[in-house]
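Sequence lines, in order, name chains A, B and F. Note that our numbering has the first sequence beginning at 1032, numbered continuously upward. Note that our numbering has the second sequence beginning at 42, numbered continuously upward. Note that our numbering has the third sequence beginning at 2, numbered continuously upward.
Note that these hints are calculated values from the structure, not bench results. Watch out, some of these pointers could steer you wrong.
Per label pair, the in silico range of CB-to-CB distance [as the list claims (entries may be wrong)]:
#, chain 1, residue 1, chain 2, residue 2, range
1, F, Pro146, A, Glu1178, 21 to 31 Å
2, F, Pro85, A, Ser1089, 43 to 53 Å
3, B, Thr211, F, Leu20, 25 to 35 Å
4, F, Ala80, A, Gly1155, 57 to 67 Å
5, F, Ile222, B, Thr211, 13 to 23 Å
6, B, Gln268, F, Ala108, 22 to 32 Å
7, F, Ile222, B, Val351, 35 to 45 Å
8, B, Gly99, F, Pro13, 21 to 31 Å
Each residue gets a CB set at the ideal place from its N, CA and C atoms; glycine is no exception.
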Amino acid sequence: MTGAAERLDAQLTVAAPPVGRVKLSLNGVARSFGAVRALDRVDLSIAEGEFVTLIGPSGCGKSTLFNILAGLLEPDPGGTLLLDGAPAPSGSLLGRIAFMPQRDLLLPWRTVLDNAILAAEIQGQKKREARELARSMAAEFGLKGFENHYPQQLSGGMRQRVALMRTFLFDREVMLLDEPFGALDALTRALMQRWLLDLWSRYRRTILFITHDIDEAIFLGDRVTVMSARPGRITLDRTIPLPRPRQPSLLTAPEFMALKRELLEAVEEESLKAFAANGP
Amino acid sequence: MRLARRHLLATAGAALALPRLGQAQGLTKVTLRLKWLPQTQFAGFYLAAERGYYREAGLDLTINPGGPNLLTENLVASGNEQFGLSGGMDSVFSAREKGLPILCIGVAHQVTPFVFVAKADGPVKTLEDFRGRKATAWFTGAHLVLYGMLASRGIPRDALSITPQQVSVTPFVNGEVDVVAATWYNELNVLKARLGGVEKLKLFVAEDYGITVPRDTVIANTAFAQQNPRAVEAFLRASIRGWKASAAEPEAAVAAVMKIAPTIDRAHQEAMLPEALRLMQAGAAARHGLFAIDPAAVKKAHDFFVEHRVLAGPIDLAAAFQPQYLDAIPLPERLA
Amino acid sequence: MSWRTLPRLAAPLLLIALLWEGAVLGFGISPFYLPPLRQVLGAIAALWPAYQSAFLVTLAEATAGFAMGALVGIAGGIAFAHLPRLRRMVLPLFVVSQTVPVIAFGAIVVLWFGNTLAAKAAIAFYLTFFPVTVNTLAGIEAVDPRQVALLRSFGAGSRELLWKLRLPAALPRIFTALRLSAPLALAGAIVGEWFGATQGVGAMLLAALFNEQVVAIWAAILAAAAVGSALFALVALAERALVFWREEL
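Isolated chain A (complex conformation) (with noise of 0.2 Å):
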């Protein structure tokens, strides 16, 4: 490994404090647009290193919530915000929290290398420095042999990765990944599962997943959060109680299928409520 692989390592690693400081808490933040109520009266409070998901049918407000989460959108006022315990008005949340959108959205002129270390770019970081520690850590995002290519050179797998490591090389604590392999095919999908899951247990980054997929949700979280129809609130927040790290056979072991069936039965019952007011 090289140093500054090393540093990012210790970086990264060094302060793994026991789970359960709070690291963002959410406390009745609601959004509205005009007369419409995307999200109403969210309460969340996620815990640092912890690796919570969120499921809820289409057009809930995740997207609305995440935007909050990124300093990108303005929540109504009267709900508070805490990041690290202080609270945080949107406009400071910018550059605070890495953010990563459903789809990659990489620059089509700029190679896998430059396209990972953009964040760290607009931070400032020396773009040779910013590249060097790029380029140690390419194999371990499985991008290797690829550092110059262009994203259009890629495959869908191999794109979601460099988005993956720039979110990473945007050195945060807090993580926000949105449908991150929604547009990936199933084999794919399980393999970049297990791969974020070993990059996480080893970086311990304070992570907010959204998806789909209910698979998806137990197998990734340590929590899965279920998100009401809109306006969204969260409706649910179950711990998953299965043990690390987690191996592909466990998608069809008992516990799994039974908080699967849990899980289920609170999402299908938000996306009947869905359809009855939205249509599908």
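Based on these hints, arrange chains B and F on the given structure of chain A.
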């Protein structure tokens, strides 16, 4: 490749440097705007420039060609250009009538520089035969000369069709038009070449009908001329030198023009020069030298245009035509 | 340019040459309407230095105006994208400027600049800057808002957004405008030369036109085509270098 690039840079650089500042000491920077594209109709000016006659006379002169979209009088009136070779007397009259600040300092072609041409084997043998025919003429003055010629024989102008003439003489060659206007130095040579000699043509000369409209007037910006009479005089002196040299060495004169416009037809240019010289040496020039302003001819042309209502009324000829710059040059120097 | 592009470029030229010669011979076209290509090429060869310098002069004029138009157009597009007030005030003026026919503009330019390279470049500029402005603006505004949101979440300010996202993302549209403007810049330079220029392809064309030298007219047309191709090639090379990431153009 490298050579070509250097050439490109050199050319671009030279072109960029055109509005040169800080000329060689003592030279007055002036321009001459011609009435048309480079051809030996203007050979004397080009030869004088090439041989440095203007520099010797204290002028740093740039010759700018004319063209279909330019009016010399306007450019000289604007003050951006100091000298111009303009159209006929009528151009000077109408510019003065409009109040443009230009004045005439000399006249190049002492007689009407164009004729009207019919085919020798065609139906038009006399002016009387123009009746019922199709004629074209440039509506920049030539049509008035045609009206005058017809009037002198009592033929009403609506007895025939007279339409504006385009640049090409092809409609006449193809028989779509019976009578066409042609300058002695340019179109007539083209017609001779395309129809197989002068004997195939029947010419109608304005002077035979008592009309003379001298053309190719030399004009100057009024304010410039008033403030720099010596420069005007120097310009005329160097131009006369150039034209006399052109008469003595026509090959050198043609070469000077071909150097400026290398793609034009040499044979055509060689044929043009003697005709241009003949027009310049005709009439008053024989006694009063090149560029002479013949007050009688001016008056006659003026009255002709007033009579044909091209001019709303008489204009002040003494103010428009100022021969004093020419008169400052000793006569022997001016005589061809 | 690789060794493969040369035959790809040469083939259509050869085809045109064959069609030209074939048509003249086969249909017995009068040389007054279309002289044989041989004769036209012969005329160019006979006066090679003259055609070469005319080519270079017109290329310099067109390129100068084109480059200015591209710069002003890109800067204008950026400014309009960032300053809506400026856009409301100035963009209509840009539009109005384009309603003046270039010939009328030429007459004014020759009064302002005389017979200089600047005069021709000004007309080439006049025809170039507007399409580039409009396309730069459109290109910047067409940037994926999700990409803008992403970069903002990384803490990017408007300057970083411009350099790292908006401008590169607008490049394909900017180059589309440049490809369209290249022939316009040439037309501008040639029109500029019709107002009393001594040098250049346009001046040659005019002299040939009014002296009815059919061979010289066609020679000037070929020279103009060569200038146009050179300008287009410059744009294409720049595009290939800067917009390499776009799918095959």
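List of violated hint numbers, smallest to largest: 2, 4, 8
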